[in-house]
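Note that the protein sequences, when read in sequence, are chains A and B. For the first sequence, this note's numbering begins at 38 and goes up steadily by one. For the second sequence, this note's numbering begins at 38 and goes up steadily by one.
For the record, the hints were derived by calculation from the structure and aren't laboratory data. Honestly, I wouldn't trust all of these hints.
Same chains, same label: a pair holds when it works inside one copy or across any pair of copies.
Said to hold, decoys possible - With a straight-line cut-off of 30 Å between C-alpha atoms, the simulated DSSO-like cross-links for lysine-lysine are: (1) K177 / K93; (2) K96 / K73; (3) K428 / K96; (4) K73 / K343.
Just so you know, these numbers come straight off a predicted model, no measurement behind them.
Residues per chain, in single letters:
Number of protein chains: 2
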Amino acid sequence: MNLQKHVSLNLNLRGLGESPTLAMSERCRVLRTEGKEVLNNSIGQSPFPVPNSVVKALKMYAREKTYLPVKGLPELRNAVADYHRQKDGIDASADNVLIGPGSKILMYLLQMSFYGEIVVPTPCWVSYVPQAQLLGRQVKLINTTYEDRWHLSADSLTELCESEHDTYRPRIVILNYPGNPDGGTYTVEELKNIAKVARKYEVILLSDEIYGELHHRGEHVSIANYYSEGTIISSGISKWCAAGGWRLGTFTFPDNLDWLLAAMSDAASQTYTSVSSPIQWAGVTAFKGSVDIERYLWHARRIFSKLSNQCAEMLREAGARVHDPEGAFYLFPDFTPIADNLEKRGINGSVELCDRILCENHVATIPGAAFSRPENEFTLRMSYCNFDGSKALAASEAIPLHEDLPEGFLDHYCAKTLESTKRICDFVRPRD
Amino acid sequence: MNLQKHVSLNLNLRGLGESPTLAMSERCRVLRTEGKEVLNNSIGQSPFPVPNSVVKALKMYAREKTYLPVKGLPELRNAVADYHRQKDGIDASADNVLIGPGSKILMYLLQMSFYGEIVVPTPCWVSYVPQAQLLGRQVKLINTTYEDRWHLSADSLTELCESEHDTYRPRIVILNYPGNPDGGTYTVEELKNIAKVARKYEVILLSDEIYGELHHRGEHVSIANYYSEGTIISSGISKWCAAGGWRLGTFTFPDNLDWLLAAMSDAASQTYTSVSSPIQWAGVTAFKGSVDIERYLWHARRIFSKLSNQCAEMLREAGARVHDPEGAFYLFPDFTPIADNLEKRGINGSVELCDRILCENHVATIPGAAFSRPENEFTLRMSYCNFDGSKALAASEAIPLHEDLPEGFLDHYCAKTLESTKRICDFVRPRD
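Input sequences plus hints: build the corresponding full structure.
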């Protein structure tokens, strides 16, 4: 009896399902076995190779086999602190850093450890809400709008803190910029205003800056500059270093959140123990950086920037509204302006929209609903990573960085991504 | 306020502390900085290098950077299934396997996912109880005795199932053999008897066989042979393959626990995502095995066997009782026969015993209490891994495997371990 199906499952897990991005990849796989030529724009994975120097470091440290300290390899914690000191102008040392096998599990341990409210502006990353469900908790969602560029405003944060009859409730607000799924980023002015409110109400900020290096103009600014005492910076090598599959994430805490770092580290020692040693050793090279890595980043940014702007333009022409892409590798078009047309075709929300685009025009994207947007909103996330990053990088390297990429570059090296966008446009374009 | 110390911590985490093995390593480090020559017999880490072919594979796959499927790289799941089919005679395919970053986090996800009682015979591995605490749950401990060779008996399992007025309560019983901390293993007869009771009461078994390949005679037998429909086998590359720091663990489920595998996989997709890709690719080589790896294992076993028997003999001469070592790399001496003498010196349990041995004779061991034994019992775990494994392996390779290791081999290659044992003996030996 106990061995039979579904008898003895924790209720928090029931109906959880796989993460929507992973589920979409599986649907692509199935359609492909049916012979369909599916384009997958659902994955958030850099198309570029891991920088050579980082791969070399992994090979060099392949024999490292000892269990490393729970909080991380001291050399890596040091490199991460240096990195944030230099890039973000904050005062951090190795003691402020916690290393995890991906930042996702660090988010989970944060939600587990912190006894307070987790506040997330939407559209937000797909895992915050299910992680809370796993823990039998809830997250407080604040819906932002297209007009606000999908950003949390200082005013709405103030309103939240004032409206709950519990102004100083322990709270963590999660910001993610450059943002997944929106592909935009906060202005310095916006960051300063949010920092002011957070300081006033003693709100902790988790600043998810995993796409920081993929700001398309290389001008990422951390809110830690304006609220260093209350900001945890989340980073890792998954996105800018293209090593998502390696699993290495980092949290950098301010001194006065040492108690939270300590609690998460204790939880880590009973769950993942420590991160793979060869991977951590390679991570040192990644975070120490080099001219090679900087050059690699500039090429990646130049390609992402040109490609995303062209895709955004195509989507606008087809009737969507979409903000100018500023970072990461996602677009988050909103088809509200042509909602009537979609509804006439029996499409009443983002899940149906993405389903139909997948089934009819064979492009995989992720519905806005997966990012905690209202069910009946016509938003979706398309990543623009489905091209051969090594080829594109090599071609870009032959073109001086101060020049624009020439006409035809995208047609040649990012043809699939343009084709994906065209298929989405073909699908949504008003029909008679 | 919210930023201050200890304000907003989940109660389940408070007082959890670091895992005792990790805490002990930290104490060693501190004593060493004070100039003490401390011998560390608290760590459960193979002294041998990762087999060459496995290191080579890691280098070869260093460029692998994609997010792998949550359940694991198909090639690895396949290799793990093959491994258990060949070694343990069970019927498994890739679909039965779940890969995690260490088996510790798989244990955690199991405790999280399963809605039922977790039953653990003591002495047991240090993390089961704290993992339950993290989840706000409890584990049911069954104390075994020295006379029972620290083994769960079929009778006591029957008694548990009959005594609770809830005979068919969903239950998972965790067995670990060869065992940490006891260094013994179950006989085929014992396994058959437990299997019979488990089948009768529909109890699920989690059979932690991470030390299976380190059965000193190479004669490990899995209980899955006798209860295949209800046994999950836990394994990984941390112990026999000496790659603890790499973080790769495996669970292999029977077909009719597919619902549990699915739930754990969903939880994995919201926590650790997937295991590091280069590590998984290297794991394929480890689980596929080879003549080289088999030869490496035989050398490791020969050294561990001779060393552990000599240490056990020394401990017995000093007044301890300890069973003949059969596997893994731990001894679990019980100093009850000389309890009077210890009590006279103000030592009233295992924590004090290990403290005093560390402070006075500078050997780090882990108290029985950390393995959920009664506080006032005079047991401790000493690992016998503190020697240069590469040197010892190279020396052993020069001696045909059918021969015994010569006189003087241990004195030469495992001198530190013998010295640790001598210091422990010196400490406990009755004094006038």
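Hint-by-hint comparison with the structure:
no.: 1; hint: K177 / K93; result: neither (43 Å within a copy, 48 Å between copies)
no.: 2; hint: K96 / K73; result: neither (38 Å within a copy, 36 Å between copies)
no.: 3; hint: K428 / K96; result: both (23 Å within a copy, 23 Å between copies)
no.: 4; hint: K73 / K343; result: within (29 Å within a copy, 62 Å between copies)
In summary, the numbered hints that this structure violates are 1, 2.
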